[in-house]
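> One-letter residues, chain by chain:
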Amino acid sequence: MSQTPYLLVKQARGSSRPTGLDYITNLFQGFLEFHGDRRYGDDPAVVGGVAWLGGSPVTVIAIEKGHTAKERSARNFGAPNPEGYRKALRLMKQAEKFGRPVICIIDTSGACCGIGAEERGQGQAIAENLMEMSTLCVPVISLLIGEGGSGGALALAVADRVWMLENAVYSVISPEGCASILWKDAAKAEEAAASLKLTAQDALGLGVVDRVLSEADLGRQPFYQRLRGMLRQELQILAADPDLVSKRYSRYRRMGTETLRG
Amino acid sequence: MAFINFLKPKNQLEEGGRTAAPVHEDAGEPEKTCPNCHKPIPLSRLWANHLVCPCGYHFRMNARQRLAFIADKDSFQELFPQLRGGDPLQFPGYTAKLETVRSVSGETEAVICGTAALDGQKCCLFVMDPYFMMGSMGTAVGEKITRLFEYAAERRLPVIGFTVSGGARMQEGLLSLMQMAKTSAAVKRHSDAGLLYIAVLTDPTTGGVTASFAMEADILLAEPGATIGFAGARVVEQTTKKALPKGFQSAEFVLSHGFVDSLIPREGQKQTLSEILRLHQGGTT
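Chains Z and P, in that order, give the protein sequences. Counting along the first sequence from 1, when you hit position 106 you're at 106 in my numbering, and nothing is skipped either side. In my numbering, each number is its position in the second sequence, counted from 1, plus 262.
Calculated directly from the structure, the hints in this document are not laboratory data. Treat each hint with caution, since some may be false.
With the C-beta cut set under 8 Å, the calculated list includes, among others, these residues of chain Z facing chain P [stated by the list, open to error]: (1) Q11; (2) G14; (3) S16; (4) Y40; (5) Q122; (6) G123; (7) I126; (8) C137; (9) I173; (10) E176; (11) L196; (12) L204; (13) G205.
C-beta: ideal position from N, C-alpha, C; glycine also.
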C-alpha cells in the first residue's frame, strides 16, 4: 500500500471523492427521492428512495456529505440523526413489502453527536436498524465509499454483501478519538490509525467486508458502469437464494470467533 | 464509543466488596463520600443497603455482587465461563492490559452469563462488569451475549440483562463493531420466537452497547441516576459547543424522552423483575 492508514482517513474525509448522491445519480436511473421518517422529521444527511438498476426497481439509501462547504453544512457533514436511521429503516421495510432489494451507500464519520440526537434516541435508532436489518427478507448490499464511521455506518451495513472501495476506511472509532482515550494524546492519531486496522484490505482480511472495489476511473462512467454490472450480477445471485436470511445471520455470527478460546 | 477509566484504581468500596471484611461501627470504619449528597457513609451501611446511599445515589456494583443480589441463592449456573478473547489486531499493549485486568478482577471477560432463578422462575441472566475494562464489548463479550440468547431461544427461556458499558472495545477494532450486529441478530431471533427480554441499564450504558442489545429489550428499565447515552457527554459538548441540558443522559432524562419504560431502584428491583417474569407466564385462565 502506498499510503499510510491515517492519510487514507484524511483523504476519505475530503470533499473531492464522489459522495452518496453522485453514486445515486450515476449508478441508477430515474431516482425518486422519498423523504421523512414519519416520526419526527427528514434528515438531509440520509437520502433514500427508489430507482431502476437496469430493468429492476431497487430501494437506494445513501448517506450524503455534500461537496461544497454550503452543501456539507446543509447535510450535517453526513452525520445522520436518529430520524435519518429511522427513514432508512422505513424505506427498507417498504422494500421488503414490495420485494425490492436494498442498496445502501455509506459515507459518514459517524452518527451525529448532538443534544437533539441523544434526546431522540440515537442509540435506540441504530440498535433497531441492526436488529431489523438482520431479518430483512430481501437482498441487501452495502457499499462503503469513503468513511465508515463506527455504529453510524454499521446501522446501514448489516447486509448480505458488504463491499468497500480500496481507499475507503471502516473503523470502530476515529484515530483521534482512539489516541486521545488510550494515550491521552490526539497527536498519536497516526499510530492509532495503523493499529485500528481500518483499511479496506484489513477489513477484507478480518472478514468484515466481502470485496474490495478498485478505484480505477473513480467518479467516471467506466467506474459506475463496472459497479453497476457487479451489483446486478450479485443481486441476481442473492435473489435466487432461499437461505438469504439465515446466511446473513451466519455472516455476522462468525465475526470475531477465530481468536476466541474456551 | 469507547471505554473510559480503564483500570482505575480500586476504590475502598470495591475493596470492601471483594474482601467482605467484617465492619465495625467504630470511628475508624472506612467511609465513602457520596458524590451526590457529599456526605460520608460508613461502608457497612452502604453494603447493607446494596450500595445505595440514603440520599438515593446508586454506586456501581461489580458483576458478582449484582448476581448475588439478584439471583435466588445458589441458583446461578454460569455458562461459557472460560470463554475469552485474544488480541485479534495485535493492538499495542492490549494483551498485557487484558492480563492485568484478568488478574486484578478475577474475571475472564466483561460479562458473566448463565441461568438463574428469580423467586423460583428460571431465566437466562447476563451481568456486565464496570470493573473489567469498563464493560467494553469485544469479541468475547459479543460471543457470550450471542450464545446466551441462542441458548435462551433453544430452551424457550426469558433473558434478563444488566448492562454497563463504555461501548465497543476499540482494541479489537472492527471486530468489536461487528459484535453490535451479531448480538442484535441473536436478540432478534430470540424476540421472533416470542420470548421475553428485559434489560436493566445501569451506570454507565453508552456507545455501541446502547446502540445494540441494551436498547433492544422488550422492557427497558434503568437504575436511577445512571448515565445512558450513545455519544459521550464531553464529545457532545465539544462537538456542539453548546451547554448541555440539566441531567443530560441521566436515566431520568432518558425516561422523560420516552426511551426507557421505568426507573427501577435497587431496593425492590428483584421483586419488580420477578413480577414481570410472572406477568409473562400467562396466568391461570
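> Looking back at the numbered hints, which does the structure fail to meet, lowest number first?
1, 2, 3, 4, 8, 10, 12 and 13
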